[in-house]
Structures are given as structure tokens and as C-alpha cells.
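Here the protein sequences line up with chains Z and F, keeping their order. Residues 1 to 362 (my numbering) are what the first sequence spells out, left to right. Residues 1 to 405 (my numbering) are what the second sequence spells out, left to right.
Wrong hints could be hidden among the right ones.
[What the hints assert, rightly or not] What follows is a set of in silico ranges between Cβ atoms, one per label pair, in the way DEER data are often shown:
{"hint": "1", "chain 1": "Z", "residue 1": "PRO143", "chain 2": "F", "residue 2": "ASP318", "range": "28 to 38 angstroms"}
{"hint": "2", "chain 1": "Z", "residue 1": "ARG60", "chain 2": "F", "residue 2": "ARG24", "range": "35 to 45 angstroms"}
{"hint": "3", "chain 1": "Z", "residue 1": "ARG242", "chain 2": "F", "residue 2": "THR277", "range": "52 to 62 angstroms"}
{"hint": "4", "chain 1": "Z", "residue 1": "ASP179", "chain 2": "F", "residue 2": "ASP318", "range": "17 to 27 angstroms"}
{"hint": "5", "chain 1": "F", "residue 1": "VAL358", "chain 2": "Z", "residue 2": "ARG360", "range": "24 to 34 angstroms"}
[As the list claims (entries may be wrong)] Below are the DMTMM-like pairs computed for lysine to aspartate or glutamate, each with C-alpha atoms no more than 25 angstroms apart in a straight line:
{"hint": "6", "chain 1": "Z", "residue 1": "LYS74", "chain 2": "F", "residue 2": "GLU281"}
{"hint": "7", "chain 1": "Z", "residue 1": "LYS74", "chain 2": "F", "residue 2": "GLU306"}
{"hint": "8", "chain 1": "Z", "residue 1": "LYS74", "chain 2": "F", "residue 2": "ASP318"}
{"hint": "9", "chain 1": "Z", "residue 1": "LYS74", "chain 2": "Z", "residue 2": "GLU238"}
{"hint": "10", "chain 1": "Z", "residue 1": "LYS74", "chain 2": "Z", "residue 2": "GLU64"}
If you are wondering where the hints come from, they were derived from the structure by calculation, not from laboratory data. The beta carbon of each residue, even a glycine, is placed where N, CA and C say it ideally should be.
The primary structure of each chain is shown beneath.
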Amino acid sequence: MTDPAAALDARILAAIAAYALDDDAFLALALDLFAYQIAHSAPYAAYARGCGFDAAQMPRCVEEIPAVPAAAFKEQRLATFPPERGALWFETSGTTRGSGGRHEFDTPALYEAALLASFDRMMLGDAQRLRYLLLVPEPRERPHSSLGFMMDVVARRRGDGEHGWYAHDDLLEVERFLDDARRACAEGVPVCLATTAFALVGLLDALASRSCRLALPAGSRIMETGGFKGRSRVVQREALYRDASNGLGVPIASIVAEYGMTELSSQYYDAPESRAAIEPRVKRAPPWLRPLVVDERGRLLPAGIVGTVRHLDLANRGSVIAVETEDLGAAVDGGIVLLGREAGAELRGCSLDAEELLHRRG
Amino acid sequence: MADDGLRSLPAQRIVAHIADAAARWRDADFPPRVRATAAIAQRLGYSTPVIEYALDRLFFGITAQGLETAIVAELGAVAALDGPLARTHAPDAWARGVEWAVVISSDTTVGVALVPALFALCAKARVVVKDRSDALVAGFFATLAEEHPAFAGAAIALPWDGGSDPVEDELFATADVVVAFGRQDALTAIRGRCGVETRFVPFGHRASIGRLSARGVQEFDAMRADALVRDALLYDGEGCLSLHATFVTGRTGALAQVASLLAAAGERAALEFPIGTRSPERTAAIAGYRNLARYRSTTRGGAMIEGGNAVVVEASLDAPPPFLPGALVVIPISGDDDVAAYVAAHRLPVQALGVDTVDADSIALAARIGAVRVCPFGTMQDPPLAGHHGGETRIAPFVRWIDAR
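Model the full assembly from the supplied sequences, consistent with the hints where possible.
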């Protein structure tokens with residue numbers, strides 16, 4: 001008898017390999033995945049029942065598939081396999097009470113296949129072997145960082161045989177980075193600088209303090225990810241990209257934002273045709289990942305209307321297919337446009353709020 | 001310099017003028033009020049019925065009797081503001097108003113700066129109000145000036161844009177009294193700009209909670225639910241007097257019954273007080289809270305009932321209030337000790353304690369948790385003028401006593 005997980009994985013891997021999945025095929029696979037997950041994950045089954053769905057009453061469309069709030073990963077174990085079969089887990093960010101959650105996998109195969117397929121098309125369209133300079137968490141130091149895992153896979157499988165890690169929590173090894181970057185320049189090897197937005201700001205500050213500018217070899221590119229949540233210093237993306245282009249000698253169009261979250265197995269990237277400008281850029285999902293923009297009641301919104309973004313990720317076979325976020329965005333032709341948190345938005349009223357209470361509690 | 005015109009008026013007349021001006025603002029069709037309503041709606045996004053309710057509560061509360069009651073309670077007599085009065089077993093004394101008072105409303109609460117400003121005027125102080133510009137205070141001051149020209153020079157409204165106005169340095173440094181409403185960082189910054197001898201009266205952000213006693217649970221019905229829901233939902237729960245969490249005392253099943261009644265009340269409240277417009281960020285946060293509450297309810301149990309624009313959520317003692325519009329948080333408890341422990345654990349600065357019955361137990365609970373007001377459900381958002389907002393006196397900060405013996 002065929003293992004249902006293996007059978008599903010085979011279908012999902014085929015879609016990833018083909019990099020194609022039409023609407024009907026997506027729905028069919030999504031419903032089979034949903035049925036599998038409610039059969040193997042008690043919390044998701046209970047939640048689905050609460051939303052009116054079970055094996056006998058299946059969703060009719062992708063919009064109806066119950067989406068678990070991302071914060072639920074911090075509440076309970078959301079996995080379709082027993083803990084002893086876990087092969088890999090990534091840690092989600094902490095809550096106000098300090099505890100994070102886990103996204104667990106019984107095999108890295110889907111995750112690796114999904115990340116490489118997207119990276120190949122969205123970052124390596126020219127199939128270049130790049131040298132990876134990594135300003136993201138190193139797996140040796142942060143073994144449960146999904147970003148570190150992802151870039152480790154990319155660097156090992158798509159790199160030129162050399163790569164370096166330069167970020168250690170909030171500390172950057174600037175001199176070593178500069179040495180390696182200059183060596184790549186001398187050798188004429190194009191690089192991929194993979195960095196969080198915060199680390200990129202730190203690097204550019206360090207370069208400026210040394211009155212140093214780099215001209216990375218032609219074909220070099222930057223993959224920027226993450227925002228400034230919880231950071232004392234926030235730099236607007238427009239200024240960040242211009243400074244990065246000037247300081248590192250990389251064209252604006254070769255600076256690409258990746259958008260992912262620990263609760264997903266797949267990533268979005270800036271759509272190539274939208275990279276000429278810095279804002280707005282369209283985030284494009286691979287075929288097995290579908291974003292839905294919904295209103296506060298979970299109803300699908302028409303294109304152009306701002307709502308919260310829900311993700312249906314078929315590569316999330318071992319957890320939950322649909323994840324609801326509080327990220328704001330709007331559906332547009334070819335993807336979604338994500339909206340940053342409005343800086344300086346006026347707070348109303350004289351009530352305490354959650355942020356202030358947190359501050360008071362230290 | 002104090003405004004001579006206002007100094008020359010007997011306090012009783014000032015009170016009467018203020019009460020008369022407030023009476024004009026009670027008319028929803030009074031043109032300045034219509035303009036202020038529109039400005040508030042545009043800036044804060046509250047629906048018109050909500051703003052009308054707020055303005056009604058504000059201006060129906062400003063009466064000669066209310067002002068006089070507060071003044072007499074704190075100073076002994078209204079005439080104490082006019083000159084020395086004889087006092088039994090104490091020196092004759094004159095509650096002379098200070099020269100300058102400044103009231104800062106760095107938040108957006110509707111009309112919060114007005115009441116202290118009016119008491120400052122009753123003390124014959126010259127007052128500058130700086131608040132978020134919705135024209136309410138400026139409009140009311142214009143009406144006062146129509147009542148008597150002395151108010152024109154004594155009551156000044158200026159916009160507050162976060163503290164960057166260079167005029168403020170001299171204003172804060174020379175003011176006798178600075179009353180400030182705002183977040184802790186805003187209050188700290190304002191206090192730092194005040195003179196050494198400036199009397200600083202801060203009103204920081206606070207939360208309000210409710211407690212249903214075991215008897216209150218037994219007697220809980222649709223009418224009481226309507227009252228409690230109004231306290232929670234008005235102004236999107238964004239006031240310091242908004243009900244942010246309700247503790248329900250009693251047996252198993254008590255909470256489910258209360259939650260059900262509250263959800264039904266939420267449906268009715270949606271008709272009476274429709275929601276206005278909210279920022280996408282706020283909307284996303286509300287949706288996120290609702291989704292997580294549904295998830296918790298279906299996977300772990302506990303009440304989660306939607307009613308109108310509200311969602312009634314059974315929460316645990318572990319989590320602080322979410323401080324989100326429409327969130328009616330109910331927390332089962334076995335007694336008042338649980339409430340006190342919750343407030344201590346979450347370091348909650350409590351403004352008001354809503355209760356089913358104001359009695360010795362509820363007053364004792366208020367004292368334990370640092371609440372400065374105990375009141376029945378349904379009245380939390382309607383504080384009396386002669387009460388002590390934030391635990392402070394109303395007019396006393398604006399006078400300096402002159403003993404005359």
C-alpha cells in the first residue's frame with residue numbers, strides 16, 4: 001500500500017519540477033493535501049471542523065480551505081507526523097511571552113526542492129555560478145533558522161565552491177567581508193550578497209565609515225529579505241536600495257527582495273518585470289504557492305484592494321496548507337504587492353495598548 | 001500676565017458662562033458642533049453616532065451644578081476663587097487661580113483636554129490648550145468668547161503636532177501648571193521641558209477592567225449585557241475608561257451564559273454604534289486576533305462567539321488584554337484574588353473598575369488593584385464632572401492658596 005505522504009510528495013515534487021500548476025490541478029492537489037492533513041493533524045482537524053469542514057464536508061475552492069493563523073504555530077504542534085519522525089524544524093519568532101513556535105518537517109526534500117526551484121528562476125535566471133556572501137544567520141550558530149538553512153542549501157548547491165558567513169546575531173565581520181568581496185572582484189567572480197535588510201544597513205554604514213565603496217563584478221546581485229521589526233533603526237527601502245546600489249556597485253534591478261516566513265516552505269520574490277523601480281514591486285509566488293488577499297472576515301478581495309495576505313503552500317505537506325498572516329497586501333496582475341507598516345500612523349485614544357504594556361513590563 | 005477681564009469676573013459668573021456655552025453645544029445642529037463632528041470623523045474615523053454620543057456625554061455633563069459641586073468639594077466654596085473667605089479653625093484663605101495653565105492632549109481622545117481647561121478658566125487662569133487639531137476645543141473657546149469677551153484672551157487653542165512647536169519651550173517653562181495626556185514617552189518629554197516649579201499633572205495611558213460578581217452573573221441579562229458592551233465597544237475600546245477585560249466570577253457554565261448574552265448585545269450595539277473607518281493595520285490586527293481566538297476555541301475549547309462587530313473571547317489569566325477594537329474579553333475567575341493577581345502579573349495600570357454593584361467588596365478590590373474609579377457597567381464611559389479623573393482633583397491644581405490672617 002502506498003504511503004499517502006509519499007504519494008503526495010511525489011505529486012508536489014512533480015509540480016515543483018515542472019514549475020507549472022494550473023488552477024484545476026492546484027485545487028485538486030490542495031484538497032487532497034487538506035484531506036491528508038486533517039486526517040493526520042488533530043489540531044488542524046479540530047480547527048477545520050470549527051470552520052465547518054471535515055472529510056465528509058470538503059471545501060469547494062481554495063478560498064474555503066481553513067487557514068491557520070501564523071501565531072498558531074506558537075500554540076501547538078502543527079505537524080502531520082509524530083515527533084519522533086521529525087527530520088528538521090525551524091523556529092518561529094518569539095511571542096510577547098518569549099516563547100517561539102516550530103515548523104516541523106519529516107523530510108527536507110520538499111523544502112529544498114521548493115527553495116531551489118524558486119531561487120533558480122527568480123535569482124539565477126542566467127544560471128550563473130555565483131559566490132555567496134551571506135549576511136544571514138549561519139546554520140552552525142542558528143541551526144533552526146529557516147533563512148540560514150535556505151541560503152546554506154543555495155550556496156552549497158548553486159555556488160562556485162566558496163562562500164562565507166559574516167553575520168553573527170547583530171555583529172558583522174566587516175573586514176573579512178571586505179577581504180572576500182575584494183578577492184571576488186579581483187577574480188572577476190560575480191557574487192550574490194544574501195542579507196537581511198537590517199544587516200545590509202549595518203554593512204552600508206560600515207562601508208561609509210571607512211569611506212569605502214565596492215564595485216562588485218558584473219552579474220553580481222543582492223537578495224534582501226526581512227524588515228526592521230523590533231529594530232531601533234528603520235531605513236526606507238527606497239533609500240536602502242539606492243545606498244546599496246551606490247555602495248556595492250550593483251544595479252537597482254539586481255537587488256531583489258525575497259519574502260518568506262518560517263511557517264511556509266516556499267518563498268516569494270520580486271517579479272523580474274517590476275525590478276526596474278524600487279517601489280512598488282510585485283511579489284511573485286511559484287506555481288505551488290498561492291496568495292489570497294482577504295478582508296477581516298476572510299472574504300476574498302478583488303484585485304487592488306488592500307487586505308491581509310493568506311498563503312496556500314502545497315509544499316507545507318507536513319504542517320498546514322493554508323496560513324493566515326497579518327501582513328497587508330493587494331492582489332495585482334502577476335502576484336501581490338505587499339504594504340509595509342505605516343510609519344508614524346496616528347494612535348487613537350488614551351487607552352493603554354499592547355505595545356505600551358509590553359514596554360512597561362520591560 | 002493673567003487676563004484682567006477674566007480676573008474681574010466673579011467665579012460664579014464664569015461658571016455660568018461656561019455652562020451656557022456647553023448648553024449651546026448640546027444641540028447637535030449647533031454649527032460649530034456640526035463642524036467639529038465632521039472634523040473628528042474625518043481624522044479619527046469614528047462613525048457619526050459614536051462622535052455624537054461622545055459630544056453629548058461631554059456637553060450634557062458640563063453644567064453649572066457639576067462645576068460648582070467640584071469646586072465646592074475641593075475649595076469649600078465657589079467664592080473662595082474671588083477672595084479670602086473665612087474658615088472655621090483655619091486662616092481666611094483665597095484660592096487664587098494661577099496665571100498660566102497649559103493643557104496638552106497629545107492623544108486623540110475626543111475632548112479630553114476641555115474639562116481641565118474649563119476648570120482652569122473657573123480659577124481665572126489663562127489657559128492654552130494644545131491638542132490634535134479637530135477644532136473641538138477651538139470651537140468651544142470661540143463660543144465662550146461669544147458668551148463673554150474676557151474668554152477671548154484667556155482661552156487659547158493651538159495645535160499639538162508632537163512637541164516640535166518652538167513656542168512650546170517658553171510656554172512650558174513659564175506655565176504655572178502643565179496638564180498633559182499621553183503615552184509615557186510623550187509625558188516624559190513634556191515634563192522635561194517644564195520649569196522646576198511648574199506643577200505637572202500627568203495623565204498616562206491606562207486600562208479599565210470589569211468584574212461580574214457571582215450574584216451579578218446570576219442576574220446578568222440582555223439589558224446588563226447592553227450596558228457592559230457599550231463600555232467595551234465605544235470609541236473602539238481606545239479610551240482609558242474603555243472596558244478592556246471582564247472577569248466573570250462563578251460556577252462552570254456561568255461564563256458561557258454571559259458570553260452568549262454579550263454576543264447578542266454586540267449585535268445590537270452594531271446598529272446603535274456602527275464602526276467607522278479603521279486603518280488597514282488595525283483591521284489586520286483585529287482579524288488576526290479573531291482568527292487566533294477561533295483557533296484556540298476550536299482546538300482547546302473555551303468560548304469564542306461573534307456578535308455584530310464584536311467578538312466575545314474567553315481568555316485565560318495568562319494573557320494581557322489585547323487592546324483591540326471589538327474584542328470583548330471574558331476571563332473566568334473564582335474570586336477577586338484572581339483579579340488582583342492578574343493586574344499585578346501584567347502590571348496593568350488600572351483606571352476604572354466596572355462592576356455590577358458598587359459595594360464594599362468592589363471598592364476593596366479597586367483599592368487593591370489601584371483603580372481610581374468604581375462604577376456600574378454602562379457608566380464607565382460617562383465619568384461625572386465632579387469626579388476625580390485619574391484620581392486627581394479637578395480645580396485644585398489650578399489655584400495657589402493665599403492665607404490671609
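Are there hints from earlier that the structure breaks, and if so, what are their numbers?
As far as the earlier hints go, 2, 3, 4 and 9 are violated by this structure, in ascending order.
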